[in-house]
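Model the full assembly from the supplied sequences, consistent with the hints where possible.
Top to bottom, those sequences are chains A and B.
Count along the first sequence from 1, add 5, and you get the number used in my numbering.
Count along the second sequence from 1, add 2, and you get the number used in my numbering.
These are calculated hints, taken from the structure and not from any lab test.
Remember, it's a predicted structure, so these values are computed and weren't measured experimentally.
Possibly wrong hints are sitting among the right ones.
According to the in silico footprint, chain B covers these stretches of chain A (three or more CB under 8 Å from chain B) [claimed, not checked]:
{"id": "1", "segment": "96 to 107"}
{"id": "2", "segment": "162 to 170"}
Cβ-Cβ distance ranges computed for the label pairs, FRET-style [claimed, not checked]:
{"id": "3", "chain 1": "A", "residue 1": "N336", "chain 2": "B", "residue 2": "E31", "range": "50 to 60 Å"}
{"id": "4", "chain 1": "A", "residue 1": "P220", "chain 2": "B", "residue 2": "G78", "range": "47 to 57 Å"}
{"id": "5", "chain 1": "B", "residue 1": "A29", "chain 2": "A", "residue 2": "P220", "range": "27 to 37 Å"}
{"id": "6", "chain 1": "A", "residue 1": "R148", "chain 2": "B", "residue 2": "G69", "range": "41 to 51 Å"}
{"id": "7", "chain 1": "A", "residue 1": "G139", "chain 2": "B", "residue 2": "L9", "range": "14 to 24 Å"}
{"id": "8", "chain 1": "A", "residue 1": "S243", "chain 2": "B", "residue 2": "P13", "range": "27 to 37 Å"}
{"id": "9", "chain 1": "A", "residue 1": "P327", "chain 2": "B", "residue 2": "S22", "range": "48 to 58 Å"}
{"id": "10", "chain 1": "A", "residue 1": "E300", "chain 2": "B", "residue 2": "L9", "range": "37 to 47 Å"}
{"id": "11", "chain 1": "A", "residue 1": "Q278", "chain 2": "B", "residue 2": "P62", "range": "25 to 35 Å"}
{"id": "12", "chain 1": "B", "residue 1": "P13", "chain 2": "A", "residue 2": "Q55", "range": "27 to 37 Å"}
{"id": "13", "chain 1": "B", "residue 1": "E59", "chain 2": "A", "residue 2": "E267", "range": "48 to 58 Å"}
{"id": "14", "chain 1": "A", "residue 1": "R222", "chain 2": "B", "residue 2": "E45", "range": "53 to 63 Å"}
{"id": "15", "chain 1": "B", "residue 1": "F92", "chain 2": "A", "residue 2": "G347", "range": "26 to 36 Å"}
{"id": "16", "chain 1": "A", "residue 1": "A92", "chain 2": "B", "residue 2": "A29", "range": "20 to 30 Å"}
Ideal placement from N, C-alpha and C gives every residue a C-beta, glycine not left out.
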Amino acid sequence: MKTVKLLVGTSKGLFVLRATAARRSWQLEGPHLAGRAIYSVAHDGRGQRQRVWAGAASMHWGAVLVSTDNWGRTWDEPQEANVKFPADTGLALKQIWQIEPGLEDEPDTLYCGVDPAALFRTTDGGKTWEVVRGLLDHPHRERWTPGGGGLCLHTIVRDPENADRMWVAISSAGVYRTADGGRTWTARNKGIRAEFLPDKYPEFGQCVHKVVQHPDRIGRLFAQNHWGLYRSDDAGDSWQDIARGVPSDFGFAMTIHPHEPETVYIIPIKSDQVRVSPEGKLRVYRTRNGGRSWEALTRGLPQRHAYDIVLRDGLTTDSLDPAGVYFGTRNGKLYASNDNGGTWRLAIDGLPSITCVRAVVGDERKPARRKATRRTARR
Amino acid sequence: MTHVVVLIPTPLRPFAGGRSRIQVEVAKEPPSLGDALDSLWGEAPGVRDRVLTEQGEVRPHVNVFVGTECCRWTGGLETPITDGAEIAIFPAISGGR
Numbered sequence: 006m007k008t009v010k011l012l013v014g015t016s017k018g019l020f021v022l023r024a025t026a027a028r029r030s031w032q033l034e035g036p037h038l039a040g041r042a043i044y045s046v047a048h049d050g051r052g053q054r055q056r057v058w059a060g061a062a063s064m065h066w067g068a069v070l071v072s073t074d075n076w077g078r079t080w081d082e083p084q085e086a087n088v089k090f091p092a093d094t095g096l097a098l099k100q101i102w103q104i105e106p107g108l109e110d111e112p113d114t115l116y117c118g119v120d121p122a123a124l125f126r127t128t129d130g131g132k133t134w135e136v137v138r139g140l141l142d143h144p145h146r147e148r149w150t151p152g153g154g155g156l157c158l159h160t161i162v163r164d165p166e167n168a169d170r171m172w173v174a175i176s177s178a179g180v181y182r183t184a185d186g187g188r189t190w191t192a193r194n195k196g197i198r199a200e201f202l203p204d205k206y207p208e209f210g211q212c213v214h215k216v217v218q219h220p221d222r223i224g225r226l227f228a229q230n231h232w233g234l235y236r237s238d239d240a241g242d243s244w245q246d247i248a249r250g251v252p253s254d255f256g257f258a259m260t261i262h263p264h265e266p267e268t269v270y271i272i273p274i275k276s277d278q279v280r281v282s283p284e285g286k287l288r289v290y291r292t293r294n295g296g297r298s299w300e301a302l303t304r305g306l307p308q309r310h311a312y313d314i315v316l317r318d319g320l321t322t323d324s325l326d327p328a329g330v331y332f333g334t335r336n337g338k339l340y341a342s343n344d345n346g347g348t349w350r351l352a353i354d355g356l357p358s359i360t361c362v363r364a365v366v367g368d369e370r371k372p373a374r375r376k377a378t379r380r381t382a383r384r
Numbered sequence: 003m004t005h006v007v008v009l010i011p012t013p014l015r016p017f018a019g020g021r022s023r024i025q026v027e028v029a030k031e032p033p034s035l036g037d038a039l040d041s042l043w044g045e046a047p048g049v050r051d052r053v054l055t056e057q058g059e060v061r062p063h064v065n066v067f068v069g070t071e072c073c074r075w076t077g078g079l080e081t082p083i084t085d086g087a088e089i090a091i092f093p094a095i096s097g098g099r
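Pasting the structure below:
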């Protein structure tokens, strides 16, 4: 029996929602890691694993990467912090913003992106982590400036056919690409407008909020920026404005359909000064043609006095067909669609502020029924 | 040899074998708060990275007291300690967002 689990990171812990493949009703578990802000969560299903990684940050005790092999019943939290900067850098970890499992043929590799902006890598399944020096020592670094969430490396996009090539996105520095496994990085922001700078088209300094790529269209990238919605057809060498037909090109969240490389979802926000849904209408926008046009998805979403915001990792899809699309808001509402975004239901309300959502599709056997003995029946 | 007691706050007790108080010995003379904490890390290494950043600084929303004085006002980790002192680690009220 197919099931879907939603991993929902919030400002006060991680929740797990479960549903059957129909995805009509959800059972809530949690909070796990109660009280800690979970800005990143990832499922690692490579090999025989069913591991969930979470970046758990305490305002008091710092951030650490933790994992569970049983959907949160127990957690593996290292005594010594696992993701940390070497002494010579003078830097101290503030937040873990992204966790990205490696490719299928590198089963013990994971990456994570952090604030202050840096990329960490493990090649031993998370036992030891090392900062990627090529990016840490980049000459642009001294001129990178923090956005509202800090100077965060929040997006890691791998090339599924070339382990040496990847893209990262940093607020606010822009998109950087490596083609040699992280030794060298080049800024890839040509065509992306920096509305907040005197030079509107600098080499770097753009405030990118999210970048997505479909695994069937390697090198075609979509980006949601702090002002600006873009597509690149040449692996980031150049970008085209695709913000036609959206109420605002400001936003954070972006995700791509699991089976349709031309289908991308965003949730526009009124402006960087206001930061709520435009016109009080909570709308997901979808393009099915690579950004040439966009349509509002509203069925089941509040269209009056809905002043909400969805953060950069608060929007995701599952891998079923039709695809499930999910988003969580800073007001603690989680909306779910089981039909590619055509209709929506409020799956749960009242969670702490939602920071990230990930969906995991799995097979679950029904638990074998036990014959009740007199003793168990009495309980 | 200087002997001090370190009080461990509830959230950090899982990293201290469940203990709320740990007595440590400090060999260095004259002893400082940092020396006492170095001894504590030997007893409870998981507490270190929760109290200090990887650069060895007390985290911004953690307060460490020697007696009733917060070390932020008495010299930080260089704060002198005396035999029998009580060191207390507290989550600061500023961190409770």
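Each hint, compared with the structure:
{"no.": "1", "hint": "96 to 107", "verdict": "holds (count 3)"}
{"no.": "2", "hint": "162 to 170", "verdict": "violated (count 0)"}
{"no.": "3", "hint": "A:N336 <-> B:E31: 50 to 60 Å", "verdict": "holds, 57 Å"}
{"no.": "4", "hint": "A:P220 <-> B:G78: 47 to 57 Å", "verdict": "holds, 50 Å"}
{"no.": "5", "hint": "B:A29 <-> A:P220: 27 to 37 Å", "verdict": "violated, 58 Å"}
{"no.": "6", "hint": "A:R148 <-> B:G69: 41 to 51 Å", "verdict": "holds, 46 Å"}
{"no.": "7", "hint": "A:G139 <-> B:L9: 14 to 24 Å", "verdict": "violated, 44 Å"}
{"no.": "8", "hint": "A:S243 <-> B:P13: 27 to 37 Å", "verdict": "violated, 49 Å"}
{"no.": "9", "hint": "A:P327 <-> B:S22: 48 to 58 Å", "verdict": "holds, 54 Å"}
{"no.": "10", "hint": "A:E300 <-> B:L9: 37 to 47 Å", "verdict": "violated, 60 Å"}
{"no.": "11", "hint": "A:Q278 <-> B:P62: 25 to 35 Å", "verdict": "holds, 28 Å"}
{"no.": "12", "hint": "B:P13 <-> A:Q55: 27 to 37 Å", "verdict": "holds, 28 Å"}
{"no.": "13", "hint": "B:E59 <-> A:E267: 48 to 58 Å", "verdict": "holds, 49 Å"}
{"no.": "14", "hint": "A:R222 <-> B:E45: 53 to 63 Å", "verdict": "holds, 55 Å"}
{"no.": "15", "hint": "B:F92 <-> A:G347: 26 to 36 Å", "verdict": "violated, 52 Å"}
{"no.": "16", "hint": "A:A92 <-> B:A29: 20 to 30 Å", "verdict": "holds, 24 Å"}
Checked against the numbered hints given earlier, this structure breaks hints 2, 5, 7, 8, 10, 15; the rest are met.
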